[in-house]
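Enquirer: Assemble the whole structure, with the sequences as input and the hints as a guide.
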Amino acid sequence: MKEFFSKYVTLKKYNATVAWKKAKNRKMCYLFLLPYAVLFTMFYVFPVVASIYYSFTYYNILESPRFIGLSNYISLILEDDIFLIGVKNTFLIAIITGPLGYIMSFLFAWLINELPRWVRSVAVIVFYAPSIAGNCYVIFSVFFRGDAYGYVNAALINLGLIDTPKLWLIDPKYMLPICMLVILWMSLGTGFLSFVAGLQGVDRSQFEAGYMDGVKNRWQELWYITLPNMKPMLMFGAVMSITQAFGVCDVTMALCGYPSTDYAARTIVTHLFDYGFSRFEMGYACAIATILFLMMILCNKAIQSMLRRVGT
Amino acid sequence: MSKDKRKKELINEEKPYKKKLIKRRKPNRSIAGDIVLYLFLLFVAFVMAFPIIYAVSSALKPLDELFKFPPRIFAQHPTLDNFSDLFVTMGKSWVTFSRYLFNTVFITAVGTIGHLLVASMGAFVLAKYEFPGNQAFFKLVTVAMMFTGYVTQIPNYLILNKLGWIDTYWSIIIPAFASPMGLFLMKQFMEGLPTSLIEAAKIDGANEWKVFSGIVMPNVKPAWMTLIIFSVQALWNNKASTYIYSEERKTLVYALQQIQSGGIARTGQGAAVLVVVMIVPIIIFVFSESQILETMASSGLKD
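So the sequences go chain by chain: Z and W.
Going by numbering that gives the first Met the number 0, the first residue of the first sequence is number 0, and it counts up by one from there.
Going by numbering that gives the first Met the number 0, the first residue of the second sequence is number 0, and it counts up by one from there.
It is possible that part of the hints are untrue.
As the list claims (entries may be wrong) - Just a few of them, taken from the derived set where beta-carbon distance is under 10 angstroms, the chain W residues facing chain Z: (1) Gly90; (2) Val94; (3) Gly121; (4) Asn133; (5) Ile153; (6) Asn155; (7) Thr194; (8) Thr266; (9) Leu273; (10) Val275; (11) Val279; (12) Leu292.
To be verified - Derived DEER-like restraints, expressed as beta-carbon distance ranges: (13) Z/Lys23 / W/Trp93: 56 to 62 angstroms; (14) Z/Ile94 / W/Leu62: 40 to 46 angstroms; (15) W/Ile72 / Z/Pro227: 40 to 46 angstroms; (16) W/Asn206 / Z/Thr9: 47 to 53 angstroms.
It is worth saying that the hints were derived from the structure and are not from the lab.
Since we're looking at a predicted model, the values are computed, not measured.
All residues carry an ideal CB built from backbone N, CA and C; glycine is no exception.
Expert: See the structure below:
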C-alpha cells in the first residue's frame, strides 16, 4: 500500500514538472489569456464563490457579515412561503416554456432549412426579431388589457365566449399562462440561430446515402440523419434555453407588476431582487442566488446526458 | 446526330430552371406534407410578427385612433406625431436627450470594442495552442454560460462597490468585457482556421502577436461581427438602473422607459419608445445576418 502511494506521488510530481515546463514554454499564451482570465474570474467565478459564502451569513451592507450557518436556507425552505411560490412558478415556467421553446426553435429552423435562400433569411429575421426587440413584450399588456378595449377580451366577447371582460393580468388564475405565452413568443433566440446555421452545415451526401438505404420520409430522415449530425448544436441550444427559462423575471415584472397580485407571478429572480435590492438582506438574497445557481447547473447536466442519446 | 435528339437537348438547355427545381426537391418528400407544413409555417410567422407590426402601427397612430372603440389594428391616418412628441418630452427633461444618447453610445462602443479585443485574444490561444490549463479554463467558461447573470448580480454589486466603480460607466463596461458567450463563439470559430496558416507565419518569423493581429483576426471577420452584434444588443438594452443612479449617467433605454411608464396620456409616446428601442438591434441584425449565421455554424458544444 505504502509503495503504491509513493509511486502515485512520484507520478503526480513528474506530471506536475512536465506541465510546469510546458507552461514555461507557453508564456505568451498565458499573457494573451490574462486580461480575459482576470476579468472572468473577477465577474463570473469570484461572484459565485462570494455568493455561496454570503449565503451562510447575515449581511446588510452596513454591518460586516455575521456567520449564521444554514439558517438562511432553513428559513427559505421552511418559513418563506413566497419563495416557495417563486420556486413553483419558476419550475412551471421552465418546464413548459423551456422544452417547448427548444422544440419550436429546432422545428422552425428545420422547416425553413429547405426554403430558397432569400425566403430563409427573411424567415430568420421574422422568427428571431421578438427575442431582440428590447421590451416590445409590453405590447402584450395592450392585447390582454382588463377592460373591453383589450383585443383578447373584445374578440372573446364578440364570439360570445365570455360576457364580461376578464382581468387577464390581475387575476392570479390567468397570469402565468399569459406570461408563458409571451416567453414562448420570445424564445427563438441564440439557440435558434445556432440550429439554422447547423442545419445548413449538414453534409448533403449523407442524405443521398440515406435515400439509397431506404429512408422513406422526412421524419425518418430527421431522426436518423439530421439529429445525430446536429448534436453539438442541440447541446448549445439546450444550454441557452435552460438559462433563459430559469432566469425569467423581466416579462413577469413588466406584465403582472412587481409585486404581482397574491405574488402569483413571482419567480425566483424576482424574489432575489426583492431581498437584494429592496430590503438589502444580502445574505438571504445570496442564498436564493445559490439555490438558483445549483438548480440551473444540475438541470443543464441532466439535459446534456439525455441529449447524448439522441438518434441512437 | 439526329435532329430530334438535338432538339430535345436544346429544350432541356432552355429550361434549366425547371429542371433544377425538380432536382432540388428531395425524393422522399410528399407534396401534401410540404404544403401543410409551409402553410403552418406561414401562420406561425404571422403570429410571431404580429406584436411587432402592431407596435409599429400603434406608434404611427394619432391620439384619437389609439383609443378608438372598437380598436383597429392598422392606423388609418399614419403620422409621426408620436415621435415628435417623444422628442419634445425628452427635450424638456433636465438631462438632455443628447446626454442620454451619449451615455448609451459610449457604454455600447467602449464595451463592445474592449470585449472584442479581450475575448478574441483569449479565444486565440485557447483555440490554437496546447498549454496546461487550456481545457479546464474553457470548461469553466462553458459552465458560466449555464447560469444567468442574475445569480452573480449581488456579489458583482459588492465588488464594483469595493472598486469604486458604482455610479460610473465602468460598472457596465468592464463586466461586459468578460461575457463568456463572446469568448465561446470566437474560440469555436477560430478552431476552424487551418493550423498550417499559423505555422507558415511562424516559420516566416512572426511572433504570437503578429500571428494574432495579422493572420488570425483578418480571417475571422464573421466572428467579429457576431461578437459585436451580441455585445451591442446586450449593452444597448442595458437599463443599468442597479449600478448607476445619477440621472445624468443613465442610459437612453432607461430614460425612454421612464416616459413609457407615464400613464395613459403617454400611450402614443410609449409606443414610439418601443419602436425606437427595438429598431436598433433589429436593423443591425438584418445587415449582419449572413455573418452571424456563419459564426453560429461552429457554435456546437462538444462533450
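Enquirer: Closer than 10 angstroms between Cβ atoms is the bar; does W/Val279 clear it against chain Z? Give me holds or violated.
Expert: Since the shortest Cβ distance to chain Z is 8 angstroms, the answer is holds.
Enquirer: Given a cut of 10 angstroms on the nearest C-beta pair, is the interface hint for W/Thr266 held or broken against chain Z?
Expert: Interface hint status for W/Thr266: holds (9 angstroms vs cutoff 10 angstroms).
Enquirer: Holds or violated: is the Cβ of W/Asn155 closer than 10 angstroms to a Cβ in chain Z?
Expert: holds, 5 angstroms
Enquirer: Does 40 to 46 angstroms hold as the CB distance between W/Ile72 and Z/Pro227, or does it fail?
Expert: Since W/Ile72 and Z/Pro227 have Cβ atoms about 44 angstroms apart, the given range 40 to 46 angstroms holds.
Enquirer: Closer than 10 angstroms between Cβ atoms is the bar; does W/Val94 clear it against chain Z? Give me holds or violated.
Expert: Status violated, d = 21 angstroms.
Enquirer: Holds or violated: the hint that W/Asn133 contacts chain Z, with Cβ atoms closer than 10 angstroms.
Expert: Holds, because the Cβ-Cβ distance from W/Asn133 to chain Z comes to roughly 8 angstroms (cut-off 10 angstroms).
Enquirer: Would the stated hint for W/Ile153 survive a check requiring a Cβ distance to chain Z of less than 10 angstroms?
Expert: Holds, about 5 angstroms.
Enquirer: Would you settle whether the hint for W/Gly90 is holds or violated, based on the nearest Cβ-Cβ distance to chain Z being less than 10 angstroms?
Expert: violated, 22 angstroms
Enquirer: W/Leu292 was flagged as interface toward chain Z. Is the shortest Cβ-Cβ separation under 10 angstroms?
Expert: holds, 4 angstroms
Enquirer: Can we keep the W/Leu273 interface hint, with Cβ of chain Z closer than 10 angstroms?
Expert: Holds - the Cβ of W/Leu273 comes within 10 angstroms of chain Z, reaching about 6 angstroms at its closest.
Enquirer: Verify the CB-CB distance for W/Asn206 and Z/Thr9 against the hinted window 47 to 53 angstroms.
Expert: violated, 37 angstroms
Enquirer: Can the suggested window of 40 to 46 angstroms be confirmed for the beta-carbon pair Z/Ile94 and W/Leu62?
Expert: holds, 43 angstroms
Against the hints set out earlier in the document, violations occur for numbers 1, 2, 7 and 16.
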